[in-house]
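Once you have looked at the hints, place chain B on chain A.
The chain contents come next:
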Amino acid sequence: MKAFAAVTRATVRQLLGGRRTVLLGLLALVPAVVALFLVADTGEAVAMRRFHDAPFALTFILVLPVVSLVLGAAALGDERRDATITVLVLRPHARETLVGAKLLGAWLAAMAIVGTGAAAAGAALGIGAGRWDVLAPLVLAVAVSGLGYVSAFLLLGYLTQRAVLIGLIYVFVWENALSFAVDGLATVSLFRLGITGYAALVDGAPRLLADVLGTLEPGVAGAVAKAAVIAVVAVLVGARWLRRRDIA
Amino acid sequence: MTVSPAFAPDPTIVVDGVSKWFGQKVAVSDLSCSFGPGLTGLLGPNGAGKTTLLRMLCGLLTPSDGTVSVLGQDPRRTPSVYRELALVPEEDAVYGYQTARQFARYAAVLSGHGPADADDAIDAVALGDAADRPISGFSKGMRQRAKVAAALVGRPRVLVLDEPLNGTDPVQRLRLIELFRELADAGHTVVVSSHVLAEVERMAARVLAIVDGKLAAAGDVTAIRRAMIDIPYRVRITLDRPRELATRLMADEAVLGVEVEEGTLHVETSDLAGLGAAVPRLASDAGIRLTGFEPEDESLESVFRYLVRRR
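Protein sequences, first through last, are from chains A and B. Position 170 of the first sequence, counting from 1, maps to 170 under this note's numbering, and the rest follow consecutively. Residues are numbered in this note's numbering as their position in the second sequence, beginning at 1, plus a constant of 248.
Quick caveat, the hints were computed from the structure, so don't treat them as lab data. Check each hint, because a few of them may be wrong.
Unchecked claim - Label pairs and their calculated CB-CB ranges:
(1) A:Val233 <-> B:Arg450: 25 to 31 Å
(2) A:Asp82 <-> B:Glu501: 55 to 61 Å
(3) A:Ala45 <-> B:Pro363: 55 to 61 Å
(4) A:Val188 <-> B:Gly376: 35 to 41 Å
(5) A:Thr215 <-> B:Pro363: 20 to 26 Å
(6) A:Gln161 <-> B:Gln272: 48 to 54 Å
A quick note: this is a predicted structure, and the numbers were derived from the prediction, not measured. Cβ atoms here follow ideal geometry from the backbone N, Cα and C, with glycine treated the same way.
Looking at chain A on its own, in the form it has when it is part of the complex (with noise of 0.2 Å):
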């Protein structure tokens, strides 16, 4: 458990230290900015459209899967390419405890900036149109999604130094395009994962996501759970792979 807990604690620390941060910070801020100039002095009605055709749609489109993809990318890719992945896995514990601590730390450090970045948005919401209950089911939407998107990059990452450009064609070819173009493909879409649970918790949220929706039904359970399965399957993968595989 110490384990874990340091590799976790090391995977923050790495992976939200440099340059790096600051500019995914900004870019996780910027939801809130736009949504402090569309949300103020306008009807409840008005500003819960605003906010979710602009600051809502960015993060979810934009920033929670940049942020994941560099951020997971980093998390076991870092350590391969840097050859610090020896330090970790000539170690009496199981692979699976490592990819789990390193998907762990990936995630806690995606929340952090991504997090921040939707309750900001959330709080913008709450100042200019009082509608303060959408908050807090934004930041476990963001949550859910970005356990998605962590688990599935911590992989591409490991495999390939090339892992941000096909995670950002995976994006928005994949996520932005051909799920909305397909129908049923957004039941396999990892941002609408969190966009389901929200719907189930937000007031008026399922007809204004009626588009992102389609035919997916909102449900927190459900959305936690997939996201849940995701992330132990990445880890079993992950684990595999440092097992089998070489690690040159």
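Below, chain B alone, put in the same frame as chain A:
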């Protein structure tokens, strides 16, 4: 019954018919040997396969063929073996943002040891004064010592070090060599790789020489040295009438071969000193003008290659 010098008594690491290839490239070829308590030097030129072998010993690479066991276990399948096995890799596998003490303590907690063990290891590599400075500001030699400290935490029974003296200054080198010897004397299995013969000679009584992925020689340093004495020397002589001198040299028993080029002779001899005395005399007798006499092919790599050819 004689035991091959490639095998140690009471082995803690056993390498049995191990090969490793990456695509078409064979890095290690059908290698069998073992390591036991004490210090063993793994000697070979760059690219010989030392690092690949050491990474297989530590379970980072899977052998394409053959088996490796450490303390009776396959390290790829049994993580618990890492309680007693540590590696100092050749690369700078350190976290620049950590201090040396944080790095050693991180290694300690990952290995199930306490901070006091980490501090002991820092002291053992004489890094105490710099222990609380970020590793990013360290010299190469200090980073090497930080890596050694991290591996040393808890004093594992088996310590594998890949070129640990690279980048260290003479004082640091001496200190590290003493430390490795102390561990070996205390019954730890210490395997140290190097491409510098003199370095290994100072550390290890037992040496395995590896070239082109094959075991070229094994035994004590004296035996390796003796094997090297048998190597024919190649000398390049530049002169104005090479054919004439070649004819005269062929009468010398110590001359094993002569190649003639425009203005140059390449001579292979078993007696370098004798050739050095004979050439000026023969040239003077025949009125040949010598402009150069220099040994060629003296690199350690060529020595290793000779050892491989000789097997």
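Next item on the list: Give me the numbers of the hints this structure contradicts, sorted from smallest to largest.
Entry: 1, 4, 5, 6
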